[in-house]
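Asks: Protein sequence lines, in the order shown, are assigned to chains W and R.
Heads up, the first sequence is in my numbering, so the first residue is 959 and it goes up one at a time.
Heads up, the second sequence is in my numbering, so the first residue is 28 and it goes up one at a time.
I should point out that these hints are in silico values taken from the structure, not numbers from a laboratory.
Among the hints, erroneous ones may be present.
Stated by the list, open to error - With beta-carbon atoms standing in for the labels, derived distance ranges: (1) R:L107 with W:Q1038: 27 to 37 Å; (2) R:N54 with W:Q1041: 28 to 38 Å; (3) W:T1028 with R:C67: 30 to 40 Å; (4) W:R1039 with R:D104: 44 to 54 Å; (5) W:S967 with R:G36: 20 to 30 Å; (6) W:T971 with R:S80: 29 to 39 Å; (7) W:R980 with R:D66: 33 to 43 Å; (8) W:K1015 with R:K72: 24 to 34 Å; (9) W:K1015 with R:Q58: 13 to 23 Å; (10) W:G1009 with R:N54: 35 to 45 Å; (11) R:P37 with W:V970: 43 to 53 Å; (12) R:G36 with W:L1075: 25 to 35 Å.
We treat Cβ as the ideally placed atom computed from N, Cα and C, and that holds for glycine.
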Amino acid sequence: GAGVSQSPSNKVTEKGKDVELRCDPISGHTALYWYRQRLGQGLEFLIYFQGNSAPDKSGLPSDRFSAERTGESVSTLTIQRTQQEDSAVYLCASSLDLVSPSTDTQYFGPGTRLTVL
Amino acid sequence: RKEVEQDPGPFNVPEGATVAFNCTYSNSASQSFFWYRQDCRKEPKLLMSVYSSGNEDGRFTAQLNRASQYISLLIRDSKLSDSATYLCVVVNTNAGKSTFGDGTTLTVKP
């Protein structure tokens, strides 16, 4: 079956513009996660969804970042008024659920490489 | 102090060597543990889950020590294709929070 997909694969934008990143999780996966990975660094947890709800938004770096999920499926991560420090790869992952170690294994999409000029 | 810490390496080993990575975590409420592998400019991919009793998958062995709050990964008979960054992941299922270590870089040389 299809894995996690993300679009666009690459996005170049000018400082101050808004961008929207999309994630399509594996069908039937109720949990969805967003991460940021700057060049040469580890993964930074941003937010997760259980169904369409995001119980904890404290990982989002600033109020310029927002995320939503609809239909327990596709999710969008929106960055408003982009800054150069937002340049990174944004990775999305999904898991079957968050119930147990056997079902919370995360499967990653290929990421969106965002470059803010 | 970071929630999940790994020795960044790099580890440079010859083919056939045995290499071990450790990862420590600070949140005792953590419930799930994984090792992921990330190749250059690629997304992380699951290598193996880590169970309390320890588990083995071919040349790879993972161990969990809850009392000391660390997990380990042992790679035996390393291959050139094992060259990658290895990420340990600690999940607090109740909070839905996954914390990745910054990764340990392994280079296997002929």
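Asks: Each hint needs a verdict: does it hold in this structure or not?
Replies: Structure-based check of all given hints:
no.	hint	in the structure
1	R:L107 with W:Q1038: 27 to 37 Å	45 Å, violated
2	R:N54 with W:Q1041: 28 to 38 Å	30 Å, holds
3	W:T1028 with R:C67: 30 to 40 Å	34 Å, holds
4	W:R1039 with R:D104: 44 to 54 Å	52 Å, holds
5	W:S967 with R:G36: 20 to 30 Å	29 Å, holds
6	W:T971 with R:S80: 29 to 39 Å	49 Å, violated
7	W:R980 with R:D66: 33 to 43 Å	24 Å, violated
8	W:K1015 with R:K72: 24 to 34 Å	27 Å, holds
9	W:K1015 with R:Q58: 13 to 23 Å	22 Å, holds
10	W:G1009 with R:N54: 35 to 45 Å	24 Å, violated
11	R:P37 with W:V970: 43 to 53 Å	31 Å, violated
12	R:G36 with W:L1075: 25 to 35 Å	33 Å, holds
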